[in-house]
Structures are given as structure tokens and as C-alpha cells.
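Starting from the structure of chain A, add chain B where the hints point.
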Amino acid sequence: MARNDLQGTLDLLVLKTLSQMGELHGYGIVLHIQRASEELLTVEEGSLYPALHRMEMSGWIRAEWKVTDTNRKAKYYRLTLAGQKELRKAEESFEQLVQGIRAILRYA
Amino acid sequence: MSVFRRLVNTFSRSKLHQEIDAEIQAHVEMRIADNIAAGMSPEEARRNALIRFGSRVVMRERVTAADAATALDAVWRDLRYAARQLQRSPAFTTTALLTLILGIGANVVVFSAVNALVLRPLDVPEPTGLYNVVQKTPGYDNQSYPDYLDFQSKNSTFSDMAAYRIQSAGLSTKDAAYKCWYYRVSGNYFDMLGVRPEHGRLFHASEEHGPNSAPYIVLSHDFWRRHFNSDPGVLGTTVDVNKHPFTVIGVVPAAFHGADLFLWPDFWMPMVDSPDDESANFLSFRGMHNIWILGKLKPDVTPAQATDNLNAIARELARQNPDDDGLCARLVKPGLMGDMFGDPARSFLAGIMLLAFLVLLAACANLASLFAARTADRSRELAIRLAIGSSRWQVLRQLLAEAVLLSVLGGALGTLFSTNLLNALTHWQPFPEFPVHVTVSPDPKVYSVALLLSIGSGVLWGLVPMRQIWTTDSAQVMKSGGAGTIVFRRFTLRDLLLGIQITLCTLLVTSSFVALRGMQRSLHAPLGFQPEGVLLAETDLHMGGHSDASIMQIRKRMLEEVSRLPGVTSVGIIDETPLGTGGSRTAVYRMGTTDFRMSNSTFGAKYFSISPGYLQAAGTRLLGGRDFTWHDDAKAPNVAIVNETFAHAMFGNTSPLGLRFALGEKFSYEIVGVVENGKYDSLTETPSAAVFFPLEQNPDSDTSLVVRSPLPEAEIVPEVRRRLAQIDPSLPFVFHSWPDALAFVLFPARAATATLGVMGLLAAMLAVTGVFGMAMYSVSKRMKEFGIRVALGAQAAQLLRAALGRPLLLLFSGSAAGLLLGVMASQLLAQIVYQATPRDPLVLAGVVITMALLGFLATWIPAERSLHVHPARLLREE
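These protein sequence lines are chains A and B, in that order.
Per numbering that gives the first Met the number 0, the very first residue in the first sequence carries number 0; after that it's consecutive.
Per numbering that gives the first Met the number 0, the very first residue in the second sequence carries number 0; after that it's consecutive.
Keep in mind that a hint or two might mislead.
No farther apart than 30 Å at their CA atoms in a straight line, the calculated lysine-lysine pairs in the DSSO-like style are these [what the hints assert, rightly or not]: (1) A:Lys65 <-> B:Lys14; (2) A:Lys72 <-> B:Lys14; (3) B:Lys297 <-> B:Lys242; (4) B:Lys332 <-> B:Lys173; (5) A:Lys65 <-> A:Lys15.
Calculated directly from the structure, the hints in this document are not laboratory data.
Excised from the complex, chain B in its bound form:
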């Protein structure tokens, strides 16, 4: 049978009509010719021929009906009928639509994020075969520039390899100064990624001839538009980056923003140029790991082959250079700064995607039970249809049409709402001081997933009443006059679905409570400093063009000026604040070590440079020994303050005061103080070693002024700003309160809490409607029974037990199972949220109370109804 032909016919009805017309026309003409031959007048012959056919239009319809009845027309009819049925029960339709909008909308939002951060290739012209080449440990996976040069020149598996690092700088023109984030990139960077300039030109590998040989910058499209009014005249002009002159040579296209998915830098600069003294060093030191390598595989090479190739080179390098001890290479998917953000972000997204999918499943379960109930209500209608000859398949198709129609409608609306939300998210910049935002706007892939989910869920819950239809005995149903005999005694699929849903809801509610409590606790966690009441003023002195020599003078003046302000209790300087975004780690050695290679180190420690008074201003407790003084300068012996973990790891239980440790052959330090432990990189880290050096013995241009004051932020900021501007008006400062600055480290936990909260809320809504629907339905079906019971003298409690026994049993068992699962899931959560534990009476009580409230909410109206049964009226109605 030619199904294809039917499809073609249905879609080209007009063509089919023409063909039928032509065929009939030929018939009529032949008849006329014969009639005339038989002796009729032409007039009569024509009349006779036409009469035989009757109405031409009716004829045509009858011919087409011969196949249209079985073709896609039937589907269209099913859909129209479904639409009418849905219009007739607005309560069901509205509930179902809302459920679907929430379920599918949530999935679309989450999938868009997955799509943007995991599935979509990099926003570069030639994204295939790109990999970041990183070091062994996630989080410390940068490579060094000399190693990059060796990897690039000695490998045989990559067609090219580029290097880049992200830095901040002050960019100033004649009229204005901006604090910018920019990429320092190797010369071949643009060519490897296949980027063409939108205006002017880009720089190339051939222009690199050692340090400061190519003083050019290329602007991002956005920066050019915002600060240069899209003026092409800026090409060829000179701007100052950290007070060093650079020529603007080009602008990249608007879509290009480098090889990180969420960073939108302001400009690009060749790596060989240094806008300050410090950062030139890294070009020649193998020990300074601060660049990212991005490689493009040759077409036929697998990542495993490339990894082997690079590691062979790494072993060779390690043999030749002590600084390369332990060097290794791993390939990771680019876009999320190696594994540091990549792994947590990917597993977090996978988890959330799973949750969203479970929520949709719960929504389907809900709809399935609603739909099954509705089918039961319509069993009389269905029985009649079966009795007058429609096949079971036709009836099922009809119900399926209703389900799919609703799902697609709900999916479309859900997608519409989530598109709005996603567009808002795309423009959201979570950290004001970083150029971070993620393009999560939906693309065709997202839309097709939304459509697939809609149809899939429609089929899923539309097929649930299948068994009902298959077992319908039309004669039986019509005799007993309605759906009275639908089973209520034994547990049905509907009960199971509802049970699963309640379990899921409890799981999500538990997780969000755990996350919420963890968040709350992390704000009062022992950080090793007291962020409340502290204002931070951050700058990089190189941005003001200050040389290392003048830096100390400037810093001392800053401290003096600010400490003299009324309302300032204490003030200090640290290079980069703990739990900020930077900070470095160094290998620590015992005294007496002769071979200073990585594998001989005792442990690694986070290190900071601080001024005298910092500890007091930051609120870090000094447990023993002394703070630094201004006498601990470059000429004085090297001293250090260590934290408890450091002291314990190096010296056990003996007091470390006066003892020494080494960082290298010529660098040994005497410990003069011990401070409390703290958090340095993340809130969830285990206690790690940290060491503090005096500013003057470990110079660095990064400067964070830590100002403790009881005054409100709005009052103290202008004062501090005025004083600092008096010292150097060209120096750009970023002001924020210390708690605000912690937004970055709190972000993962905040994101997790918010997502879990939203998901939990969705699940709770679904569970309430699910329980409510079931209880309501069972009560309404048993009104007559209740009426008789009341007439026979049943008490309220007995009625309630009969009406709500089943839903409440489900609620209890589902909640118990969900709580158990929630307790297990919290271990996963503990990686993101500080001290996430369900063994917390508040969490447990919160979950129990929430579920009880939900149950109360869902069963209140059905209970009310069953208690107000009026036996006389009910029996009269019958």
C-alpha cells in the first residue's frame, strides 16, 4: 500500500482535485461523443452526460474521501476533536498546561545552560580539534611560557599551539582611563583560531622578535563601541596601557571574545610585550606557571596520541631543567579555564539537568494520573464509541491526540517564558568587577529539544490510560451507568506515580534545605579573618606607572593618610586578599635541603605579602610571636608569619617561633609569628598551609588596602577615595566591602542553593497538585458511598480515614523515601556548599514540617468536602 502516495495526496489536495476533474472531464466528453453518434442533439448529449455524474464537487469529494478518510486528514480531525474536548474541561486543561509550562520550561532553561557551557563548541571560526594543554592538578593547571615554546616546537601531533593569559590593566587615552581585562596572547593566536579583523589588522607570529618587539593592541568590538563610539579613526592612534604606549591596530568581530566561554575581554596584546616590570619575568622562567596553552590537533591525531607525544617531551624537559620537575601535559576541553571551573561546572550542570528531568518526569506522572482519572470519568463516552464501531486504536489515538496537543502547547508556552528568562540571564553580569557573562540564549538545538520533550512527555502520559481502554467492556460500562466500578481497592499505577513524585519532591526539598543551611553557616564560617565592617580598596600600582622602587613609598603614604581619617579603626595592606580570585602557592622545604626540586618539597603553601597592621585590620588572630614592623624591610633578615597548619606540618607540636624553613637555595626564613588557620581558595577546602611575608621583603605591585571602620560604606568610601586621589590621581581603585568581594567564592554555593530552591519549589507545587487531584478525585467518586455511611452513622474520623487514607499513606512513605535519598544526595552537595550536612535537626525538622504543610494544603479541600456530605441530597440526586 503506498503510504507515501497518501501522504503526497494529502499535502497536494489541489493537484489531486485537478487530476480527478480531468479524468471526469474525459469521461464526460467521451460520453457526449457517443451520445451524438447515437443520434442525440449536442445539447441533449451534453445534458445526459452531465446528469449521470450529478454535482461535480460532490463527486470530487467522494473520490478524495476514498483515501482521505484513512490518511493524515484523520489526524487533523483527531486534533480538532481534541481541542474541542479540552475546551470543554477548562480546569483540567489549565492544570495540565501550568504543569507542563513549569516542567518543560525548567528543562529548557537548564538545557540551554548545558548547551552554552558544555555542548556548544567555542565561539571561534575554527573550533574543531582545539584542546587546552594543562598541568597535572586541577586548579593549578597553568603552564609556563618557556615550556610552551618547547611543547610548540617539539611536538609532532598538533598543527599549531597558541598561548594566552588573562590580566588586568589600566588603559588611558587623552581623555579617560579605564580598568580593563585583557588577553596577552602568542603571535599565532588569531591565525590559529581563524579570526579575521573587522577593522584594521591583527598581529601575527612573524612580528614577535623578543620582549617588547610588538607594542600593538587589538580592541574587542564591544570596547571599541562603548569607549571609542565605533570610530574607525582610533586605528593607528596610541593609547597607554599601565602608562606604556601601545598602538591600536585593529578591532575583532563582535562575536569573537577569545577561547573562554564566559570571559569578554576588552583587548588583546602580544605576549612578548610587558606593560609593567613584573610580568616580563614569566617569559623566561620555567617555574612560573601562569599561561594557558591552546593546541589544535592535526586532523588524524587522537587526543590520547597527542597526550603521549607531549608527555614524552615533558619528561625530556624535566630531565634537563630542575624547574620542570614533575612537568606533565593533559588535554582538556577548552572554554572553562581548564578543569578548575570546567569539572565542577560540568558535573553541577549534569546534576541539575538530571533534577530538571526528574521534575518533568514528576509532572508527567501528575498528568498521567489526572488523565487516567479523566479517562475513567469518560468511560461511558468511550464505551459508546467502542460500541458503535470505532476501534480501540482509534479511541487511543484520540486520547493521545489530546495529550500531545496539550504537551506541545504547554511546551511552546514554557519555551516562550524560558526564552525571556534566558535572554535576561545572557545580559546578567554576576561579578561587576569581572567581564563575565554567558550567552545562554536558545538556539535551534534548544528549540528542537523542547519540541522533543513536549511530544515525548505527551506520549508518555497519554499512553497511561491505554490499559483502561483495552480492558473496557462496553456492555458492562453502559449497564453499570458510569465509572463506578473503577478499582479503588488495590494499588494502581497512579498510586505508584504519585509516590515517586512525593519522593522526588522530598528529595529536592531536603537538598535545598541542606544547601540553604550550608550557605547560612558559610557566612559565619571561621575564615581566618573578619570580613564584616571592612572596606577594600584594590589597585595595581603598575597601572599608575610606578616602578618597584617607588611602590613602598606610595604604600606607606596610603596607610598614613587613610589611618588618619576619622572613623577608621585600623588599616593594612595585603597584595591579594584571601578568598579573592588570585593568590599564589609556593613549595616549602625543610632547612638543610640541597636539591630544590618540586618532588623534594615538604608541602605547598599559599603565600601573601602583608604590611604591619594588616593582621589587626583583617581581624586575623595572632596566636603567638609578633606582627611585622616597618623594620622588617629589604635590608633586614628574612622573616615570616605562618598559620597553624603550616607550623604543625613542618614542626609537629614544637613551637615554631624562631625556627626556620626554606623556599629555595638562597631563601630561608625565620618564623616570628603564628596565626589562626583560614580559608584561602574556597569555603569547602580542608585547612591548608599559608605563609605571610613582609611587604618589603616580597615586593609585588598588587595592593589591597584593608580599612576597618564602624562607619557605613557610603560614608567611608568617598573619604578614602579623596585621600587616595591626593596621593596619585591617575591610579584606578576598585572599592567594595569585604563581604561583597566574597561574592566570587560564594557564587557556586549561591547558584546551587538558588537552583535547588527553584527546583524544590517546582516539585512541591507538582506534589501538592498531584496529591490534591488524587484525593479530590477519590472523594468525588465515593460521595454516594460516603452519603450511605453517614446515613448509617459513620463518624467524621471514619469518613476521613476512608477518604484520605490512601493519599496520606503515599505522602508518608514517599516523604520517608525522599528524606533518605536526600540524606545520601547531601554528600554530593558537600563539594559545592560549605558543610552541607543533613544531620542537622533544623534541616530534618524543616523537611518534615514542609512535607506536613504540603500534605495539609493538598488534602484540606477534599477532607472538607467529604465531611460535608449530605446523605439525603446525594441520594435524591441519583
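Just chain A, with the same shape it has in the complex:
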């Protein structure tokens, strides 16, 4: 059984965002998810940073302080090799979750 909790979903969103966008700071991740999901999904700041920190500790992402276009110092996150592996796993388990939920919804 795959790991199908909500935390896993947030991880998936963050990992996918980073794999698509390369390097982003926390605020950028929030904006990207909002924009890419066509305003359907909003990531709460209160959950994002603990998740980022946990993923950094697990070695899935790596952080670096950089200067933004508007000349602010911000912490930029990037996917590691372990993170790419984790992303594939998360995508698979998400597919399973969606299939499972769909099957239940269709069950008449």
C-alpha cells in the first residue's frame, strides 16, 4: 500500500514544482503551485516551511541563500538525486490514490 496521506501530497507538489522550475524560493513555490493549478490549489505558508525543512533534512532538496531579481536575500531550493527518486515514488503512489478514490466514487 502506498503512502497516501496529505503530507505526501504536499511533498509531491513541492518536488514536482522544483523538478519543473529548477531553483525556487518558498514564496516562488507557493506562487507556482497556485498559478499552475489555475488557482485551484493554495499552499498554506504554515505547512510549506516545515515540509521544506523536513525534505531538506531528508536530503531530497538542497537549499542555498541567493539574491532575488528584486535584490532580496532568499533561500532557494533545488532537487537532489534522492529527491528525483522520491518524486517518482510520490507520483506513483499519487496515481494509485487517485485510482482508488475514483474506483470508490464509481462504485454504485
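The following block gives chain B in isolation, referenced to the frame of chain A:
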């Protein structure tokens, strides 16, 4: 996964917090900028951005929690929880702490002694590569001065070689006189050891130009402080050593006390100087073995290469000089006077260290069974914790935290107590007449060993319940409502541990009884003299500046004056008393020997010089022939009195009276008397040959007045002192009763007995608490069963058998095994303690009674409890 990063994070939380704050701050600012761009007022934009985060502090905590939960914070939480758990059961905590304090404390004390006497290098500035170069036989391992000069000049393996010997002398200033112990050392001694003067200067090899060329002395820091009030003005002044003038040129630093770990001499003097006539002789005689050689190896030379090198020189010397026949060189670790003290002290310490370690092991066994019982009691709690999702590893870690916390606490307290004890030991001077004490105060090495032992023992007994946790089936435990199902049928690890502990305890109790009996017997051993009721007054006549010629006159006057005192039954003089610290040995030859080299001798014999009347005063039985008279003087033919062993070894069963033996080409002696055998060097020695010469035919300045009197010591000492002072007021005397003077030879046995006694006591305490804990636990767990048994009509005896069968069985088998081991260990003990044998009904009975008493003590309360089972009340409680 970056464990390192986590560690860093945990230790630098504030830095981590700052980083999180900065990151959130950046986020908020970007949001505000976007909000304003989207048309919000600055006020509103800011409010909106902040609201999204909620409380900044909570946010920060949540971020840190993401890793802190798995980092060292968890360990801290475990420890806090452990502390709370321990507070909740004070009985367990107190028992465990006491056990640990005793176990670890004992180890710290013993290890400090090992550290001080074996591990720590010499207290000299440059201790590396130093070795004593000694002769073949331990105990007679001194070298001679001319041989030293040859070894020093001809070797190619040592960067330098110094010589020293310890002597006593009277040092007098204008105002006072002191009896001192001092080192006579070769000129290069200080330079080789790297010693710098604290005040003034030291002497050097370049100042030695033959006998009496450097009349200087260097004071020890302590002597300078005590007797010269640390006055630098003493430098350059002249003091008298044995009435010969010497100039004080310097003071050494407080920490320096020479190359022996336990001797603290008062001053140092160049070896070429002689404060008396006798001691100049040794500088030129190869046959006089009375110095220690200390060599410093060249950097790349191994001890084996150096030994080969020196022995090649020794063989060459032996070929050239008959006196060097059999000369050889061995390298031994310095600090304990060669092998004489070194070997016994080292093996004794190793034995005691082993015992202390075994005691700690017993303590751990004890704690392990206590802890296992406690874990069993808490099995419900543990089952709940497992059921709500904590991993087995987490539960184990929790228990381990409790064990290690207790051990470290116990270790710290134990170390604290032993530090006090060790500081007292450091200041203890076991023999008032010798400058002997050992610095055993703990150093960082001791503290780290204490910490290591604490953590190690904590882990050791904390891991014992591991299997219990691994096999816990939470559902089963919760259903059956407690620890009722813990196995009591088959033998467990706990039983084995307890059995080992009882064995160990019996072993120690047996050894201490054997040692105690040996001690008691040695006080009544046939010494060859009767020390009870004898007062000794010892001096060296050279200290009074007397020449060899006047010595006999003085001695005769002493004997006359003292014998006239009321209450004195007999009085005599011997140069050095048997079983004292000195005395010499000589090679003995049959008549007709022409080549007097060592290897041609018949045997070696201890020799003494005695006055007429000594034998009577000392209580040595004359078995045949006559005592000496004052007519056996320097002009009369040479005569001797020998002991039984001497007579038997030389002449077999024929009476030796009137027969002769030789000590050298011109020295032959007629035997005029035979005395009983005695002990001369140690209480444990086998009977050895001894010969006595008349004082006047073998002059020596050492003088021990042997005064036999039924009067108490306090009455006779002032009288004797007054009479002797009338003869020569400047002569320093040391007074003590003969039994007191034997303290030195009795010391090893006393030390062994005391240590074994203390260890035995510790082990006994541990065994009692161990058996008690086990019996108590088994009884309390089976109260309900007993209640039912009583209700069904069980008798007291049946109950007792059920309650105490297991502990008593362990007690019996453990004691039997321990007794057996004790009997075997006594053979080792026999080397230290006089006639240590377990084949002694008193010892065996003592051990059996002790163990029975211990068993009784340990099982009394549990038995009592099991007999007072009240079935109705017990069943109601359920």
C-alpha cells in the same frame, strides 16, 4: 541523510531560528510587494501577508520540530523521562545508586593505585626511554660503582647513564639536627633527568674529580620549606652531614623527588663524596653491589638491543675481574626499586584490579536482575507504549537512558567519595621512619576511566531486559492484566547472574579469611627471635662523627649504661636487626677453596654482627656451643655462630662445632655456636642460611641496641634515651618496639588482608542485596498463589520451599563453587601472606558460617512475608 547537519542544528538552535526567521521575513516581504502591486494599501498588504503565517513563534517551532523530533532532543527527552521514572521509585533508585557507588568507587580507588604505580611515567621532566639496569636476581639486583663506570663508558645504546643509592644520615645546622634520607647520585644525574633548579644551582658531571671533590648538597623543596622556612638565604651556607661540612647549592622544584615513585628524600649529594669512612669503599670495589643504575636509551634503540649490548660488556668485565664473575645486566621499568618491589607490587595490583572489576561485574549482575524485575513489573506500561505505536527500539532506548543515567550518577558519586579517600591516602605515610608515600590522587586518566566504567556498566545492565521487550506481545500482556506470566519455572539469565555473584562473594570471603588467618599466624611464626617485650634503639655511629676506632668504646659504654637500668633484663647489639630493611648477604666457601669466585661458592648466607648477650636479649635459642665473649676481639682468632640451615648445608648431619668455613682467601672462621633458624628478609621465605660474627671482628657503624624489659614502652624509652644522651648528646636515635619495627615486613600481608577484607565486604553486601531482591521479588509476584495454597491447607514448610527454593539452591551451589575457587586462589596468596592455606578448619568453618549468615540475612524478610500470607485479604484485593 546528514546526521552531522542535525547535530549541528541541535547544538546551534539559535542560529537555526535566525535562519528560519530570515527565510519567512523574505517570504513576507515578497508577498507584501506583490499585494501592493495588486492594488492593496500598504497597511492591508502587510496584514494579509502576516495573517497567512499565523504566529511567527509557532511557525518557527513547527519548522524546527521537523528535525528536532528525530535529533538529539529526543535523547534529552528520554533522559528527562528517565529521571522522572527514577524519582517515582526511590527504593530501586537508592539501591541501584548505592550498589554503583560501591562498585565504581572501588574500581576508581584501585585504578588510581595502578595508575600511580604502574601506568604513570616517572615524575621527572624527561621520562621517556628510562630503564633501571639491574643484576640477575630480583631482590639482589644492585650493581657496583666501578661496573657502572664501565657500563656507562663502554655502551653504545644509551644516550646517558646515571647512578644513585639511597642512604640515611644526620644533617645538622647551627640550631638543629635531623635524621635524613638522601640520594647519593652521579654528577650527570640531574642533567640526564632534565631537572632544572628552582633556586641556586645543581651539580654536574664536570664537577666530579675523584673522592670528596664536590662537597655540595641540593635540598628537596619540602625539606627546604619545613626546616629552612623556604629561606633562599640558606644557599651558599654550610651544613654538617654526619659531622662533615657540605655547602647547600640549590633547591629542586617541589614536584621532583628522584627516580623512585614512593620515596621522597630530603636532599641529594654527589656520589663521589663520603660523609663517613665506610661508604667511600664502595667507589672502588667491584664486589660491593649497592647502587642503582638508571639509563636513558638512545631514541631508536630497543630494550632488547640495549640488554645485549650491556651483557656483552658484562661478559668482558667478568673475564677481566674475578669480582665480576656472573655479572649481568637486565633492563626493568624504573620507579619501584627494580624487581624487588616492582614485581610483587605489579602482580598484586593486577590481582586487586581484577577483583575490583569482578566486584563491579557482580554489581552489574545485581542491577541487571533488579532491572529485569522492574521491567517485568512495568510490562503493562511498556505494552501500552508499544500498542500506541512506539517502536521497540524507542522503548529500549528509554530503558537504556534510565540505566545510563543511574550509572553515571552513581559513578560520579563513587568517584567523589574515592577522590576523598585517595587524597587521604596520598598524605598517608605508612612507615614513620621512612620518607615513603605515594601520590595516588586521581588525574584526568582516572576520571575518564571512571566515566567509561559508568557508561559501560549502565549499558551492560540496561541491555539485559532487551529480550523481554523484544518478546513482549502487547495484546497478550494487556489481556492477562499484568506481569503474572513472567517465567518462574525455568532458570533464567537472572539466576545465572546471581549464581556468579554468590560464587564471587564466596571466593572473596574465602580469600580474606585465608589472609586473615595467615596474618594471625605470622605474628606467632617462628621468627628465630622473640620480638615481644623488646625495645630497639637504632643509630648510625658515623652520624655522630665517630671513627671506626672509637666505635667499639662507645658501644661497650652503651651496653654497660643500659644494662644497669632497673627493669632491663638483658641487652645486646646487632648491626641491623633481622626482618629489618637492611642486612647483607655473602658467598660462603668450603675450606680448601682456592678460586674465590661467585660460581665456586657453596651457598649464600645472610650475615650479621652481634655483641655478646645479643642472642639472649633477642631471645634466639643457642642450640649448641657458646655465645661470643668480649675476648672474641680483633686480635683473637676469627669465630662465627651459624644457624641450623647453614650447618646442615655445609656439614650435613655432623656437628659443626669446631669446624671451619671461608669467606675469602684470608678469611676463614671457626664455628663456635649453632642457633635456631629464623626469618631474615621476609615472613614467607624458605629457611635460609645465616651467620653471626662478633662485632669487633666485623666492624660496622650501624648499631641497633636490643633492650629486653618487662616494663611498658612508655616507661623504658625515656630512661634509655637519657642514658644514651649522656654518652653522646649529638647522636640521633630512633626508638621503637620490635613488633612495631616489623611493620615493614608485615606491610604486604597487611595491605593484602585489608584489601581483600574490604573487597569481601563489598561482595558480601552485593550478594545479600542480590539474593534479597530476588527472593523478595519472587515472593511478591506469587502472593496470590501462596494465598490459594494456604487456603487449600499448605503447611509453612511447603510455602517456604516454594518461596525460597530457588534462591537457596543458588546460594548453595554458588557458595560451593566459590569455596573451590577460593581454595585454588590461596596458592597465589601464599606468596604474599605467611602460610596462607585454606586447609584450615577455622577458615572453612568461617566461610560456611559467613555464607549461611548472609543467606539467612537475605532471605529472612521474604520468608517472613510468605509465611504471613492472608488468603482472604489477598483474594479480596484482586
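To see whether the hints hold, each was checked on the structure:
no.	hint	result
1	A:Lys65 <-> B:Lys14	holds, 18 Å
2	A:Lys72 <-> B:Lys14	holds, 17 Å
3	B:Lys297 <-> B:Lys242	violated, 41 Å
4	B:Lys332 <-> B:Lys173	violated, 41 Å
5	A:Lys65 <-> A:Lys15	holds, 21 Å
When the structure is compared with the earlier hints, violations turn up for hints 3, 4 and for no others.
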